[in-house]
Amino acid sequence: MSAPALERPADGPVDTAALQQQFDAVIAAGHRIEPRDWMPEGYRKTLIRQIAQHAHSEIIGMQPEGDWLLSAPSLRRKAILLAKVQDEAGHGMYLYSAAETLGADRADLTDKLITRKQKYSSIFNYPTPTYADVGVIGWLVDGAAICNQVPLCRSSYGPYARAMIRVCKEESFHQRQGYELLMTMMRGTPEQRAMVQDAVDRWWWPSLMMFGPPDDDSPNSAQSMAWGIKRHSNDELRQRYVDMSVPQAEVLGVTLPDPELALDPATGRHRFGAIDWDEFKQVISGSGPANAERIARRRAARDDNAWVTEAATAYAAKHAADAA
Amino acid sequence: MSGPLAEVTAEGGHGAVPTGPQVPVADQPRVSRRDWPLYEVFVRGKRGLNHVHVGSLHAPDDEMAVHAARDVYTRRNEGVSIWVVEAAAITASSPDEKDPMFAPSGDKVYRHPTFYEIPEDVPHM
Numbered sequence: 001m002s003a004p005a006l007e008r009p010a011d012g013p014v015d016t017a018a019l020q021q022q023f024d025a026v027i028a029a030g031h032r033i034e035p036r037d038w039m040p041e042g043y044r045k046t047l048i049r050q051i052a053q054h055a056h057s058e059i060i061g062m063q064p065e066g067d068w069l070l071s072a073p074s075l076r077r078k079a080i081l082l083a084k085v086q087d088e089a090g091h092g093m094y095l096y097s098a099a100e101t102l103g104a105d106r107a108d109l110t111d112k113l114i115t116r117k118q119k120y121s122s123i124f125n126y127p128t129p130t131y132a133d134v135g136v137i138g139w140l141v142d143g144a145a146i147c148n149q150v151p152l153c154r155s156s157y158g159p160y161a162r163a164m165i166r167v168c169k170e171e172s173f174h175q176r177q178g179y180e181l182l183m184t185m186m187r188g189t190p191e192q193r194a195m196v197q198d199a200v201d202r203w204w205w206p207s208l209m210m211f212g213p214p215d216d217d218s219p220n221s222a223q224s225m226a227w228g229i230k231r232h233s234n235d236e237l238r239q240r241y242v243d244m245s246v247p248q249a250e251v252l253g254v255t256l257p258d259p260e261l262a263l264d265p266a267t268g269r270h271r272f273g274a275i276d277w278d279e280f281k282q283v284i285s286g287s288g289p290a291n292a293e294r295i296a297r298r299r300a301a302r303d304d305n306a307w308v309t310e311a312a313t314a315y316a317a318k319h320a321a322d323a324a
Numbered sequence: 001m002s003g004p005l006a007e008v009t010a011e012g013g014h015g016a017v018p019t020g021p022q023v024p025v026a027d028q029p030r031v032s033r034r035d036w037p038l039y040e041v042f043v044r045g046k047r048g049l050n051h052v053h054v055g056s057l058h059a060p061d062d063e064m065a066v067h068a069a070r071d072v073y074t075r076r077n078e079g080v081s082i083w084v085v086e087a088a089a090i091t092a093s094s095p096d097e098k099d100p101m102f103a104p105s106g107d108k109v110y111r112h113p114t115f116y117e118i119p120e121d122v123p124h125m
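Those protein sequence lines, which keep their order, are chains D and Z. Per our numbering: the first sequence = residues 1 to 324. Per our numbering: the second sequence = residues 1 to 125.
Don't take every hint at face value.
Which bits of chain Z does chain D cover? Going by a derived footprint, with three or more residues having C-beta under 8 Å, they are [unchecked claim]: (1) 34-40; (2) 51-58.
Think about it this way: if two alpha-carbon atoms lie no more than 25 Å apart in a straight line, the pair counts; the simulated SDA-like pairs of lysine to any residue are [unchecked claim]: (3) D:Lys-318 <-> Z:Thr-74; (4) D:Lys-169 <-> Z:Phe-42; (5) D:Lys-318 <-> Z:Ser-32; (6) D:Lys-78 <-> Z:Thr-74; (7) D:Lys-318 <-> Z:Asp-71; (8) D:Lys-78 <-> Z:Ala-68; (9) D:Lys-112 <-> Z:Arg-34; (10) D:Lys-169 <-> Z:Asp-35; (11) D:Lys-45 <-> Z:Ile-82; (12) D:Lys-169 <-> Z:Ser-32; (13) D:Lys-45 <-> D:Phe-23; (14) D:Lys-169 <-> Z:Ile-82; (15) D:Lys-78 <-> Z:Asn-77; (16) D:Lys-318 <-> Z:Asp-35; (17) D:Lys-112 <-> Z:Ser-32; (18) D:Lys-169 <-> Z:Ala-89; (19) D:Lys-169 <-> Z:Arg-34; (20) D:Lys-169 <-> Z:Val-31; (21) D:Lys-78 <-> Z:Glu-78; (22) D:Lys-318 <-> Z:Arg-34; (23) D:Lys-318 <-> Z:Val-31; (24) D:Lys-117 <-> Z:Arg-34; (25) D:Lys-117 <-> D:Ala-306; (26) Z:Lys-46 <-> D:Ala-83; (27) D:Lys-318 <-> Z:Pro-37; (28) D:Lys-169 <-> Z:Val-66; (29) D:Lys-318 <-> Z:Ala-89.
Just so you know, these hints were derived from the structure itself, not from any lab. Even glycine gets a Cβ: it sits at the ideal position worked out from N, Cα and C.
Chain Z with its partners taken away, still in its complex shape:
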């Protein structure tokens, strides 16, 4: 082994603290990726299907978010189209199943075809 790694030796016992010149310090790069916004990624699997949420990533702008999404989420023909949107731009309901927002549809059984009794010998229905 050559280069800076050669100078790192493991000090056993309590955690292989590097004893070489690269002793851990809490340094941060001047511009950090933590300043990049979070994007949500949606992929259309094939023509005829909706875009579906697949995950998220950080990128410095919209265009680079699309490129990064291609590398992270479509390495095996998983999609034919990608949407990215800043997570902060999404307004969401709570997905909680008992959320009162979705309660009004719970008691309207007449909105479903199975509510209606039709004799079995009526064709094409």
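Chain D with its partners taken away, still in its complex shape:
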């Protein structure tokens, strides 16, 4: 159900404490909150912000790879890329649908994206100058997304968790097509191998930033975890991602651009170098290489395609009139 929260019957004063207690009990039991349940206003707002930001990331995320749709090196690669970019649109739709169950309006959310009142993942503000970027986005960026999203399948808000289950099923294809693309290039010419290494050098650090600021600089994380919206901390997921990526890089035959990256034999986990959080802050706040272009294109997509909306509305009106 996507209807907004049910109005409680007006047969007496609303006992907020009792509702809060019931909400807390559902969270404590590991059960899901569903759209018409009472929920604290902070929980609703946090979810709308997070789900909208996630949806915007999927929608803006079509652009870096979409740039290569008309230049894919073969029909096979083009069909794969087309399917992948279409999936990103679909993921955005699942998530906007989840946001609407909380009373948000998806046209409003798009407006907030275009007017920069809401953010999207910093990673999509980096350019894709070579075709190896398509492969590295699939491997590293979608790999990081999977790391983030798999735990969200158990998020405390039912519609969000269910949307994430659909998304995760499709992300696996995204990551594997990227890795396979890179393996193909690594079997190619020295120039092709150099292209892959160059793309890895450019995407590795930004992909580590996808997990968000370090735990001691992430003020909302504790509350989100208490509410069961998030299940793991940013640093915990980042560490998991590094540990997963290192052996994948070895099989591929590329070097991750971090001289400090090393296995800690005591813990079995990888130590890695310091992340440039100044760069992260600049990119997330709008000064990345492609921020302006991404937003301008999203705005153009809405405005230039307004005629499609108008035509569909006119078509529906005519059919309704003919049927009457």
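Given the structure of chain D, go ahead and fit chain Z onto it with the hints provided.
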């Protein structure tokens, strides 16, 4: 890069405000998708299964809602049949587990087969 995007330059510092001619304005298309009703989408995964709720979308009418649902929710053979229904047409109970609507069934344990003790050597039961 060519076209209108070439004229957009990022002004750093506080948010890459486009300084080209496309300065954000709160314009709205004349007909907006926000006027389209919300539809709930149900998909039958395969023959023999029920239709299951999968999500929602906006569409200008029922027929276009079915087409949009196909693109959004069944890109990988997830279904053999789709239902769409305007969200406003659904009447629902509250799903709240403590809702009094479902309380009467809570104390009727005799409605479950496990309520009845039958010796273990009674076959086929």
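Against the structure, the hints come out as follows:
no. : hint                    : result
1   : 34-40                   : holds (count 5)
2   : 51-58                   : holds (count 6)
3   : D:Lys-318 <-> Z:Thr-74  : violated, 28 Å
4   : D:Lys-169 <-> Z:Phe-42  : holds, 19 Å
5   : D:Lys-318 <-> Z:Ser-32  : holds, 17 Å
6   : D:Lys-78 <-> Z:Thr-74   : holds, 21 Å
7   : D:Lys-318 <-> Z:Asp-71  : holds, 24 Å
8   : D:Lys-78 <-> Z:Ala-68   : holds, 23 Å
9   : D:Lys-112 <-> Z:Arg-34  : holds, 14 Å
10  : D:Lys-169 <-> Z:Asp-35  : violated, 32 Å
11  : D:Lys-45 <-> Z:Ile-82   : violated, 32 Å
12  : D:Lys-169 <-> Z:Ser-32  : violated, 32 Å
13  : D:Lys-45 <-> D:Phe-23   : holds, 16 Å
14  : D:Lys-169 <-> Z:Ile-82  : holds, 20 Å
15  : D:Lys-78 <-> Z:Asn-77   : holds, 21 Å
16  : D:Lys-318 <-> Z:Asp-35  : holds, 16 Å
17  : D:Lys-112 <-> Z:Ser-32  : holds, 15 Å
18  : D:Lys-169 <-> Z:Ala-89  : violated, 31 Å
19  : D:Lys-169 <-> Z:Arg-34  : violated, 30 Å
20  : D:Lys-169 <-> Z:Val-31  : violated, 35 Å
21  : D:Lys-78 <-> Z:Glu-78   : holds, 23 Å
22  : D:Lys-318 <-> Z:Arg-34  : holds, 19 Å
23  : D:Lys-318 <-> Z:Val-31  : holds, 15 Å
24  : D:Lys-117 <-> Z:Arg-34  : holds, 19 Å
25  : D:Lys-117 <-> D:Ala-306 : holds, 22 Å
26  : Z:Lys-46 <-> D:Ala-83   : holds, 23 Å
27  : D:Lys-318 <-> Z:Pro-37  : holds, 17 Å
28  : D:Lys-169 <-> Z:Val-66  : holds, 23 Å
29  : D:Lys-318 <-> Z:Ala-89  : holds, 22 Å
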